[in-house]
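Student: Spelled out, the chains give:
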Amino acid sequence: MSDANVYKPSVMRIEKITEEAPGVKTFRLLFNDPEEGRRFSFKAGQFGEYSVFGEGECTFCIASSPTREGYIECTFRQAGRVTSALFELEEGDTIGFRGPYGNTFPIEEWKGKNLLFIAGGIALPPMRCLIWNCLDRRDWFRDVTILYGARTVADLVYKRELEEWAARPDVKIVTTVDPGGETPEWKGKVGFVPTVLEGMAPSSENTIAIVCGPPIMIKFTFIALDKAGFKPDAIFTTLENRMKCGIGKCGRCNVGPVFVCKDGPVFTYAQIKDLPAEY
Amino acid sequence: MEIERRLLKKEALAGLVEKINAAGRKVHAPVCEGARVEFAPIDSIAEADLGYVQTTQSAKNLLFPRVERILSFKRRGGAMETADPDLSALPETVVLGMHPCDAAAIGSLGAIFTWDTQDAFFKARLEKLTVVGLSCAAGDEYCFCASVGLGPGSTEGSDILLTRLASGDFLAEIVTAKGKALVELAPELFLPAPAGADKDSALARIEKSFTREEAGERAKARFDDDALWDGQALRCLGCGACAYVCPTCACFDIQDEGTTSRGVRLRCWDSCGFPAFTIHTSGHNPREEQGARWRQRLMHKFSYMPERQDVFGCVGCGRCSRACPVDMNIKEHLIDLLEAKS
Ligand SMILES: Cc1cc2nc3c(=O)[nH]c(=O)nc-3n(C[C@H](O)[C@H](O)[C@H](O)COP(=O)(O)OP(=O)(O)OC[C@H]3O[C@@H](n4cnc5c(N)ncnc54)[C@H](O)[C@@H]3O)c2cc1C
Ligand code: SF4
Ligand code: SF4
Ligand code: FES
Numbered sequence: 000m001s002d003a004n005v006y007k008p009s010v011m012r013i014e015k016i017t018e019e020a021p022g023v024k025t026f027r028l029l030f031n032d033p034e035e036g037r038r039f040s041f042k043a044g045q046f047g048e049y050s051v052f053g054e055g056e057c058t059f060c061i062a063s064s065p066t067r068e069g070y071i072e073c074t075f076r077q078a079g080r081v082t083s084a085l086f087e088l089e090e091g092d093t094i095g096f097r098g099p100y101g102n103t104f105p106i107e108e109w110k111g112k113n114l115l116f117i118a119g120g121i122a123l124p125p126m127r128c129l130i131w132n133c134l135d136r137r138d139w140f141r142d143v144t145i146l147y148g149a150r151t152v153a154d155l156v157y158k159r160e161l162e163e164w165a166a167r168p169d170v171k172i173v174t175t176v177d178p179g180g181e182t183p184e185w186k187g188k189v190g191f192v193p194t195v196l197e198g199m200a201p202s203s204e205n206t207i208a209i210v211c212g213p214p215i216m217i218k219f220t221f222i223a224l225d226k227a228g229f230k231p232d233a234i235f236t237t238l239e240n241r242m243k244c245g246i247g248k249c250g251r252c253n254v255g256p257v258f259v260c261k262d263g264p265v266f267t268y269a270q271i272k273d274l275p276a277e278y
Numbered sequence: 000m001e002i003e004r005r006l007l008k009k010e011a012l013a014g015l016v017e018k019i020n021a022a023g024r025k026v027h028a029p030v031c032e033g034a035r036v037e038f039a040p041i042d043s044i045a046e047a048d049l050g051y052v053q054t055t056q057s058a059k060n061l062l063f064p065r066v067e068r069i070l071s072f073k074r075r076g077g078a079m080e081t082a083d084p085d086l087s088a089l090p091e092t093v094v095l096g097m098h099p100c101d102a103a104a105i106g107s108l109g110a111i112f113t114w115d116t117q118d119a120f121f122k123a124r125l126e127k128l129t130v131v132g133l134s135c136a137a138g139d140e141y142c143f144c145a146s147v148g149l150g151p152g153s154t155e156g157s158d159i160l161l162t163r164l165a166s167g168d169f170l171a172e173i174v175t176a177k178g179k180a181l182v183e184l185a186p187e188l189f190l191p192a193p194a195g196a197d198k199d200s201a202l203a204r205i206e207k208s209f210t211r212e213e214a215g216e217r218a219k220a221r222f223d224d225d226a227l228w229d230g231q232a233l234r235c236l237g238c239g240a241c242a243y244v245c246p247t248c249a250c251f252d253i254q255d256e257g258t259t260s261r262g263v264r265l266r267c268w269d270s271c272g273f274p275a276f277t278i279h280t281s282g283h284n285p286r287e288e289q290g291a292r293w294r295q296r297l298m299h300k301f302s303y304m305p306e307r308q309d310v311f312g313c314v315g316c317g318r319c320s321r322a323c324p325v326d327m328n329i330k331e332h333l334i335d336l337l338e339a340k341s
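Top line first, the protein sequences correspond to chains Z and G.
Here numbering that gives the first Met the number 0 is used: position 58 in the first sequence is 57, and no number is missing along the way.
Here numbering that gives the first Met the number 0 is used: position 339 in the second sequence is 338, and no number is missing along the way.
Extracted from the complex, chain Z is given alone in its bound form (with noise of 0.2 Å):
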């Protein structure tokens, strides 16, 4: 074959396997072949199809960082057939991957500004990355705030980190849960994510806002910021549609002129603004 086959996977070991919360675990993943682990690199704001041979393949944001090197992670919900097949695997056990594909998010450019990450439940992943990138290369920033919510304290992902987050002290963090999910030793606050925002009143003063979690969440939070005075070029996002190639071909996340898998999957409020809502 003179073009190499693009659909075929990388074979990677798990070698750590995290409960995050009900029905969320973390795989830390190797690549079995240490050569193609030498070779691969990413950014933050990349995803990957992850697959159980035999049962398919599924798509996932790269959950670790790329400035920590030598393996990548991924945080999964257990939802349909390839994420359940994920699920009862073992430390040891071997899954396929390709990728990194997609765009990324424009750290380099964030140079000397605020950063104000919003995230809303499982959408953690793709902010997870992104914080320790930004993290990593802290003094690039000025504030760093990160805001994120989900429906119940057992819902909470990466609970390790949020406490390492919370304890440095050039990191401000806000943890929110949905009214009724709160248990009684939760100390942080009770309400939704865009509401809770609007009490926080934001600068957004040479602020980048940076928004990931679902559809319903994005667009209520769009609207808190607008009225924050954010820029629609200044709030990021990333954009989830069903994915099946990865590569701009099966045309399965076509939204207007737009590849979600090439394109995306990180875009701009301005760029989502100019989309049809299919997304």
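These are computed hints drawn from the structure, not numbers from a lab.
You may find that some hints are simply not true.
Interface residues of chain Z toward chain G, partial, derived using beta-carbon atoms under 8 Å [as the list claims (entries may be wrong)]:
no., residue
1, 2
2, 56
3, 202
4, 231
5, 239
6, 244
Not the full set, but computed from the structure, chain Z residues with beta-carbon under 8 Å of chain G [claimed, not checked]:
no., residue
7, 21
8, 53
9, 54
10, 136
11, 140
12, 143
13, 213
14, 246
15, 248
16, 251
Calculated lysine-lysine pairs in the BS3-like style (CA-CA distance at most 27 Å, straight line) [said to hold, decoys possible]:
no., chain 1, residue 1, chain 2, residue 2
17, Z, 110, Z, 7
18, G, 219, Z, 272
19, Z, 7, G, 73
20, G, 219, Z, 7
In this text, all values refer to a predicted model and were calculated from it rather than measured experimentally.
Even for Gly, the Cβ is constructed at its ideal location relative to N, Cα and C.
Given chain Z, put chain G with the ligands in place with the hints provided.
Tutor: Here is chain G with the ligands on its own, set in the frame of chain Z:
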């Protein structure tokens, strides 16, 4: 290269098929199967039906099979081994008697498979395919090639284009180097073309109802006109037949077959008309209504592909309209789109 004109006597076609077969190449041609005509392998010209108007299925299967193996995997000991399909074993193939719409469709398919990342499967098949097109002497009410920049005698996509003259003999236009190489298999059959050989009078008359550029601009301008799209798609069942018969539709799914120890990864035709095509895991569906899916089909072919891949995604073959169980008619809907007031 400049197109060369030759004459192929009607009785010489049989010899040409023999020579191609003798050279170890497979020949596919339209073959009558009961009430339908479909592309199928032939051993002799007697099996072919060259008087057909349109096959039910397009020949895209030859370049983009309905189901294609893209990987095989096997657990050996503890380790998973993966292997590429062997594309070097693909046979050299000649498709004979393909109409100009289908020949032009190869360019649209190719744009999708090679516009960015190169798809080795499509390219390997294309490399081994030679197209001997056949101009249309007759169309039907579903044909609209003339409205999408083509015509019953266009050479686009053909390596050789045959046109049956009034005498019954064929004018052979040799368009590409691949076509020339095919002539070399039987040079004695390709006679000098008579100076007065009149191709135009041998062609079907296909009305030009609009231009593809107009159709694309108008669809874009009326994107938010839900009443238009929902109205047009009211009876659409979302069955996907239109996409399956279409020579340019290339949406696909990827699925595994086998067990977790041994199996294959397949890519299979899919359709943007299926409700499940875009559904998120949460159950949220970005294209909830059939009208939005129908709009996607037209926008993709007439607006997005020209914008991103610099080709149109419809060649006016009319297959989708003929195949639709509830008589959705793309040509009529495009005319309606152009005429309706906004
Ligand atoms: C860019 C991107 C990044 C992503 N990142 C992550 C991530 O980091 N972590 C994560 O957990 N997820 C992520 N996702 C989502 C993830 O890809 C899906 O959850 C996953 O593919 C589900 O695969 P599955 O085979 O387990 O589910 P499937 O078996 O495909 O089904 C999932 C659900 O979809 C619905 N469904 C499927 N088929 C049909 C049908 N025919 N009709 C009706 N409903 C149907 C059902 O509700 C089913 O439960 C991301 C998605 C994208 C596009
Ligand atoms: S959309 Fe219909 S008319 Fe156009 S190329 Fe496809 S099948 Fe033919
Ligand atoms: S063939 Fe007809 S009914 Fe079926 S999806 Fe296409 S337009 Fe709809
Ligand atoms: S996922 Fe196939 S085109 Fe984007």
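Student: Now tell me, hint by hint, if it's right for this structure.
Tutor: Hint-by-hint comparison with the structure:
Because the closest C-beta pair between residue 2 of chain Z and chain G is about 4 Å apart, less than 8 Å, the hint holds. With its C-beta approaching chain G no nearer than about 6 Å, residue 56 of chain Z sits inside the 8 Å limit, and its interface hint holds. Restraint check, residue 202 of chain Z versus chain G: the minimum CB separation of about 32 Å is more than 8 Å; hint violated. Because the beta carbon of residue 231 of chain Z sits about 20 Å from the nearest beta carbon in chain G, more than 8 Å, this interface hint is broken.
Satisfaction of the interface hint for residue 239 of chain Z is found here, the shortest Cβ-Cβ separation to chain G being roughly 7 Å, below the 8 Å cut-off. Taking 8 Å as the C-beta contact cut-off toward chain G, the hint placing residue 244 of chain Z at the interface holds, the least distance being around 7 Å. Taken as an interface hint, residue 21 of chain Z does not check out: its beta carbon lies about 16 Å from the nearest beta carbon of chain G, beyond 8 Å. Taken as an interface hint, residue 53 of chain Z checks out: its beta carbon lies about 4 Å from the nearest beta carbon of chain G, inside 8 Å.
Proximity of residue 54 of chain Z to chain G holds as hinted, the smallest CB-CB distance being about 6 Å (cut-off 8 Å). Checking residue 136 of chain Z against chain G by beta carbon gives a least distance of about 30 Å; that is not within 8 Å, so the hint is violated. Using the Cβ-Cβ criterion of 8 Å, the hint placing residue 140 of chain Z at the interface with chain G is not satisfied: the shortest such distance is roughly 32 Å. Interface hint at residue 143 of chain Z: violated, since its Cβ lies 29 Å from the closest Cβ of chain G, which is beyond the 8 Å cut-off.
For residue 213 of chain Z, the shortest C-beta to C-beta distance to chain G is roughly 7 Å, which falls under 8 Å, so the interface hint holds. The restraint placing residue 246 of chain Z at the interface with chain G holds, with a minimum CB-CB distance near 4 Å, inside the 8 Å limit. Hint status for residue 248 of chain Z: holds, given a least beta-carbon distance of 6 Å to chain G, under 8 Å. Evaluation of the residue 251 of chain Z hint against chain G yields a held restraint, the C-beta minimum of about 6 Å falling below 8 Å.
At roughly 37 Å between alpha-carbon atoms, residue 110 of chain Z and residue 7 of chain Z are farther apart than 27 Å, so this suggested pair is violated. Among the hinted pairs, residue 219 of chain G with residue 272 of chain Z is consistent with the structure: their alpha-carbon atoms are about 16 Å apart, no more than 27 Å. A distance of roughly 14 Å separates the Cα atoms of residue 7 of chain Z and residue 73 of chain G; the hinted pair therefore holds under the 27 Å criterion. At most 27 Å may separate the alpha-carbon atoms for a hinted pair to count; residue 219 of chain G and residue 7 of chain Z exceed this at roughly 37 Å.
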